[in-house]
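Participant: Each chain, letter by letter, is given below.
There are 2 protein chains.
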Amino acid sequence: MILSEQYKTMKDFISSLQDEITGTLGEIDGKSFSEDSWERPGGGGGRTRVIENGSIFEKGGVNISDVHGELPPEAAAQLNVKPGKFGATGISIVIHPHSPKIPTIHMNVRYFETESGKAWFGGGIDLTPYFPYEEDFVFFHKVMSDACESVITGSYPAYKTQCDEYFTIKHRNEMRGIGGIFFDYLDGKNPDHFALVKSTGNSFLKAYLPIVKKRKAALFTDDEKNFQLHRRGRYVEFNLVYDRGTVFGLKTGGRIESILMSLPPVVHYNYDPTFENGSQFDIMNQYYQPKDWLNYE
Amino acid sequence: MILSEQYKTMKDFISSLQDEITGTLGEIDGKSFSEDSWERPGGGGGRTRVIENGSIFEKGGVNISDVHGELPPEAAAQLNVKPGKFGATGISIVIHPHSPKIPTIHMNVRYFETESGKAWFGGGIDLTPYFPYEEDFVFFHKVMSDACESVITGSYPAYKTQCDEYFTIKHRNEMRGIGGIFFDYLDGKNPDHFALVKSTGNSFLKAYLPIVKKRKAALFTDDEKNFQLHRRGRYVEFNLVYDRGTVFGLKTGGRIESILMSLPPVVHYNYDPTFENGSQFDIMNQYYQPKDWLNYE
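Chains W and L, in that order, give the protein sequences. Number 189 in the numbering used here belongs to position 189 of the first sequence; there are no gaps in the numbering. Number 17 in the numbering used here belongs to position 17 of the second sequence; there are no gaps in the numbering.
Calculated from the structure, these hints are not laboratory results. Treat each hint with caution, since some may be false.
Same chains, same label: a pair holds when it works inside one copy or across any pair of copies.
[Stated by the list, open to error] 20 Å max Cα-Cα, derived EDC-like pairs, lysine to aspartate or glutamate:
| no. | residue 1 | residue 2 |
| --- | --- | --- |
| 1 | 251 | 174 |
| 2 | 198 | 19 |
| 3 | 170 | 243 |
| 4 | 206 | 149 |
| 5 | 225 | 52 |
| 6 | 251 | 164 |
| 7 | 85 | 223 |
| 8 | 118 | 164 |
| 9 | 31 | 272 |
Just chain W, with the same shape it has in the complex (with noise of 0.2 Å):
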């Protein structure tokens, strides 16, 4: 199988921008992400970029890769394509900050093809905040809805649903975090979901950058770190449960370790805590609903 041109484009696009983002926070960070490369059995292969214990970014991942080869055959069934051989090239990002007045930012982009020639994209971005900063999450939605209001008009309110519904965790009709935008199985022939995946992948560092330089010194005390930490087990909690790519990674052989990057470096898990009506952390659960952040009050 010879991988498409759009596919070699997509690979270029990944790099730069792997190259772009870990720049970016390894410099406002005062740490550099170190690399891993891996090589898959298969064919192809990745590059993680990490970086630990930072000043500002506790741990956080930046992943790309590009496996192609054999489908294997549980992975052929549960897409519902024919086996064969295939292409997925993609990039993976989870960074989660030391400061709960920080959010956690997760973002992926990804792009498939099989030689019976099924080809389509997947991505989003979404944020799980830990501190009742409302300004930040209508900045941030204020972004994604740019993303894709530039490239398909009227195209923002769906892929922002489909960010809710996939980010909840179902057995306690809550999300992780206030959601963004998700979008999977695009058709891969229809130039505007390449372009929708481009500026969703440019859009990262205009939504994240910004609450992070205005965040970074914010101060903060030990129930709201302990907030975050009992957060983050709900992150886990969503990840090892229902997210489809940790499970099926993990299932069908992925790697390992770049597969589970995304989890927090520190994680509470108490019995049934329980917070004051009216409290912050109060108001910071309610947030973990679907809300019209674009219009709110």
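Mind docking chain L on chain W? Use the hints.
Facilitator: Frame of chain W; chain L shown alone:
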């Protein structure tokens, strides 16, 4: 549906066992368990006892439950029984000590019956140590062997093997601990199986208390504590990705807090941690594979 005499006897057994275990562990710790009784909307309920931030036990839960009523359709399908009324009663224990020199322990025994006449027992005990005290592992498995062999001659090896297999993190081909015994779907009409369940329940303190007493005063280093925090991440990884009781319980409306009381209080997830060849951590990692502990030299 009228629950059977055996069901009631089992309920009484686990209720007494909960008293004995929480009383004994609370006494050695110096801090008592707190109690949280809950009801299940569809019928039945439970009594969860928890210790947090004790002097020895960082977090521990001992939960008994008796849930009955109409079997949820997805549960009937999963269990391959006819829809209708059911009863399920059992005890679950997970204890996470502060010290990495004292292992984490888990026990569960349970009984299930349906109005269509199905009945079975399940359960087991397994140990998750963080320090290579081989003599403790041998001792633990001897108590497990006695618990099985005193009731059903020749039964330990099969239940030991099932435990090794069940508590494996499949994508890593690595156990979460050093195993113990595990059995499931044992015919509820065979009195030997009830006797095995009682023997298993009664072996909990016999197996764990001598280890706690022997190791509670042992000093430990930061590196040893960090190794425990790292391995607790594997504990979460197993429970949320593979443990049937956890995943099935969460997805079918079980009481979330009682299910997730098994999660360790503080967990570290580092990117791709490595341990020096021949170090105690490297040695400990090699023990997370099936071993014939009864004949260990």
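Participant: Indicate, hint by hint, whether the structure satisfies it.
Facilitator: Hint by hint, here is what the structure shows:
1. 251 with 174: Between. Shortest inter-copy distance 14 Å satisfies the 20 Å Cα cut-off; intra-copy 26 Å does not.
2. 198 with 19: Only inside one copy: residue 198 and residue 19 sit 15 Å apart there, 60 Å across copies, limit 20 Å.
3. 170 with 243: Classified as both: same-chain Cα gap 11 Å, cross-chain 18 Å, threshold 20 Å.
4. 206 with 149: So residue 206 and residue 149 pass the 20 Å test inside one copy only (15 Å; across, 66 Å).
5. 225 with 52: both (18 Å within a copy, 19 Å between copies)
6. 251 with 164: Only across copies: residue 251 and residue 164 sit 19 Å apart there, 25 Å inside one copy, limit 20 Å.
7. 85 with 223: Cα proximity of residue 85 and residue 223: none, with 52 Å in one copy and 45 Å across.
8. 118 with 164: neither (27 Å within a copy, 41 Å between copies)
9. 31 with 272: between (37 Å within a copy, 19 Å between copies)
Consistency with the previously given hints fails for numbers 7 and 8, ordered from lowest to highest.
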